[in-house]
Structure formats: structure tokens, C-alpha cells
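Student: Place chain U on chain P using the hints.
Line order of the protein sequences matches chains P and U. According to our numbering, the stretch in the first sequence is residues 1 to 254, in order. According to our numbering, the stretch in the second sequence is residues 1 to 254, in order.
Just so you know, the hints here were simulated from the structure itself, not pulled from any lab data. It is possible that some hints are incorrect.
The list treats identical chains as interchangeable, and a pair is accepted whether it falls inside one copy or across any two copies.
[As the list claims (entries may be wrong)] With a Cα cut of at most 20 Å, we get these calculated SDA-like pairs of lysine to any residue: (1) K94 / S142; (2) K41 / D248; (3) K41 / V15; (4) K129 / S99; (5) K94 / Q141; (6) K94 / R66; (7) K60 / E183; (8) K65 / L168; (9) K65 / D30.
Read off the chains here:
2 protein chains.
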Amino acid sequence: MAGNKANFTRLRLFVEDDLTTGAPVPLNRDQSHYLQNVMRKGEGDQIAVFNGRDGEYWAKIVAAKRGAVLVEPVELLRNQADEPDLWLVFAPIKRTAVSFLTSKATEIGVSQLMPVVTARTTTDRVNTKRLHANAIEAAEQSERLTVPVIAEPAKFQDFLRDWPRERLLLVGDETGNGRPIAEVAGELADEPRPYAVMTGPEGGFAPDELDQLGELPFVTFIGLGPRVLRADTAALATLSVVQSIAGDWTSKRL
Amino acid sequence: MAGNKANFTRLRLFVEDDLTTGAPVPLNRDQSHYLQNVMRKGEGDQIAVFNGRDGEYWAKIVAAKRGAVLVEPVELLRNQADEPDLWLVFAPIKRTAVSFLTSKATEIGVSQLMPVVTARTTTDRVNTKRLHANAIEAAEQSERLTVPVIAEPAKFQDFLRDWPRERLLLVGDETGNGRPIAEVAGELADEPRPYAVMTGPEGGFAPDELDQLGELPFVTFIGLGPRVLRADTAALATLSVVQSIAGDWTSKRL
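So here's chain P without its partners, still in its complex pose:
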């Protein structure tokens, strides 16, 4: 156990540059500051790095100036492996909740987060840059080899118009009449097709939005039992269930 535990506390950073053995890459200012001033690391120390394309490397700190660190990949630790093709569509909720949702969805294994502005969405602005930072941090800590894409916010009508119609859209049914989620996930396991999970704003979808969704062939309303879940709880619960039945939670960790 002890050796394995070390994996959970090792330093692991996301970088933008290409990674290949022997080719130094710069860390950004925040990362450099964190390594030097918070973690007290310097030349010769090693950290793990990944960029979402080239796998994960051990990298040695080869230069450490004030606020600027260079690391050189010395050993490939894991080959690149992508997350499942799983999207989360969500109506933006308040700031803390949306950061929380982004982090948790990243841990659970979502590949893309898509903010959609519905009639009852009360948040007027989505800071996608901050959500991207939340996603990077969660990817670093959850041992992901990718960082989920954060799409630019779309309006409900545009979102529906542009939706790739072969992709199933699982929408939480607030009336309690949706199909049990495990049943729907079981069908996805038996007959795989691309899918996405969608969650409404705290006030729910507007009646005409629900009517529109109900008429679309790629929409399936799903149910999460007899209680009323908050929007973020419903999103995380649905993602967990589909990942456990039809996604990559069916296999063990590498």
C-alpha cells in the first residue's frame, strides 16, 4: 500500500507544450511559483507532467529562476489514453456551484462541458476561463491524462439546432416520470452510441422548453428516484450511473 499511496500525493501538472524525452518545457508563472514557494522544489526535483496528447512523463526540474521553471521529461510513465466520449450539458448555476460541478464532472470522466442558457437561467455570464482552470486542477488531481473541453455558452435554441442528432441526450425529468436511469444506461451498454447528460437550471426548464425537448427523437427523459434532486446533484448522479454501467467504470484502474 505505502508505495501506491505515494501516487496520490505526488506533484502532477498540466502543460500546454509537446512532451518528449529530453526536450525541456516551461511551466507557467503560477505553476513555477507553486513549485518553488509552496512546495519548495528546485533543480533536480522531479514531478509528473501531462498535456492531454502525449501521455504522462516524469520530468526533472532543470532550471528554476524566480517565477520561471523549466522541466525536462525523462521517462514516459503512461501512454496517452482518452476519457470516454461523454458530454455534460448544463444550465449555468451560481458561481460556486458551477466550479464545483466542473471539478466533479472532470473527476467522474466527462470529456466536454457545454453551458446552455435556458429561459430560467439566472446567471447571466459564464466564466469559461475559470471553469477551464477548475477542470485543469481536477484533471491534475484525479490522474486524468486529458482536460475536458469547456464549450462557449450557447442559447437553448441554438444548442438544439446544432445538436449532433445521432447523440442521445439524457435529460433529467423534474416531474418524476422519466425512465429509471439504470435501465437507460443498461441499453447504452448493450447498444453503444454517443450520449450526453443534460441538467436544467435550479428553477427547472420552462414548460415550452420541456415541450420542445419532448418532441426531439434524440432526447430521453430519465428519472432519479422519488426525491427531488438539485440540478448539480442530479448531474453528478446521472454521470456516475452511466459511467458505472455503460462507461469506463466497468474496468479497473490501470
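Tutor: Here is chain U on its own, set in the frame of chain P:
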């Protein structure tokens, strides 16, 4: 849809007293203040009330003095129905996270939350009174008819000694070698027995704690896929999956 939507925004309060048609019950000071000063309700207005024993009633405000409101049950809305016999055992995490976990677990349908202090638990105190308040609020908003029990914190060794041995304990395996959660939940659906979900502290269980857990016949280590989930994410994900496969998410809302 519109009629149904009203259910989600109606006022719904938990009370301690017995509920029966025609017998007025007092609301506490906070509830009275909330109804009068925040929601601007007064004599003649109606709210929903429940106490975890007698079902849910429409109740009319029959007296409203400053900070003291009396409501009288006028109509039984739902007969009492209890949540599944599902426990969550958790190592206390920091204040915000533990409130969050309590609220979400209540929405998902846990019947009892049990804080357990492990070797690496960094929080020295658990405010069970605050967690009880979090649970009541989540029960009110999620349309539950019960409030989960918040147990007093126990030490790891005492907790193991006192555990009811017929009850399965699902423990998140931090090494990635646990059995896929959907598989274990499927067995629970086929052969029902009491069970509980257990999650460790942020730093994980200590090696000797894991060794002890591994030797107990009622412990099953479960896995949640290839990424490393935070303690609270793992707890909510596990609860969602067992509820969807072996719990009350297999049926539709009443």
C-alpha cells in the same frame, strides 16, 4: 407541466410535533421568521409540513405573532413512506465539504450518516447539530418524508467493533483494485441485504486501517473507474449507483 412545477417551489417545512388534522403545531423561531419576514406569509396562507412519522400535510397558518407562528394541518397530502435502509459512513472532511456531503446524501436518499474518525482525519470536531440542520433543509427541499439520522462521531476501532456484521460495508478502494461498483450493486439487487457506503478522509485510509478492513467478512472494496475521485465525489457517486441499481431509484416518483 405548470401545475406540477408548483410543487417544486411550494413552502415545505419540517416540524418535530405530531401531525394530525385539526391539531395546531408551533413553528420554531427561525421558521416563523422565515415565513413572516422572508416569504411574507400570514394568517390563512398554507404551507406543507412533515415530521418524519406522520406523512405530509397541507397546514394553514392560524396564528402569526412576531417570531411565533402556529399552523394547523388541514389535509393529508402523502402517507408516511420511509427512505431505503442506506447508511453513509464518512471520515469528516472540512466544514464546507461535510455540509455539502450531508445535503447531497440526503437528496440521494441516505437514512443515516455516521462520521468516523480515522488515523488521517484532519478535522478534530464534527458539528452534528449543524449537519442535522443541513439534513433538514435538504429533506424539505427534496420532498423527503424523513430526515436522515446523524450519528455521533465514533473512532475507527469502536466503529468496527460495533458494526452490525450482517450489514455489507462498501469501501472505496484507493488503489483501483476494487470490484466495479455496478457489479456489486447488481448482486445487492439480486440478493438484497442491508448495506452501507464508506468513504475515507482526503488523505486516504492508513495502511493498517486498510489491512483491518480487508480482513473483515462484511467489507467489500469497490472501484469507481480509472480516475482518482475525491472523498466526497466518491461517496456521492457510490450512493447514486447503488440507489439506481439496488435502491429506490428503480421506481418512478409517486
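Student: Hints numbered earlier in the text: which of these fail when held up against the supplied structure?
Tutor: Of the numbered hints, 2, 6, 7, 8 do not hold.
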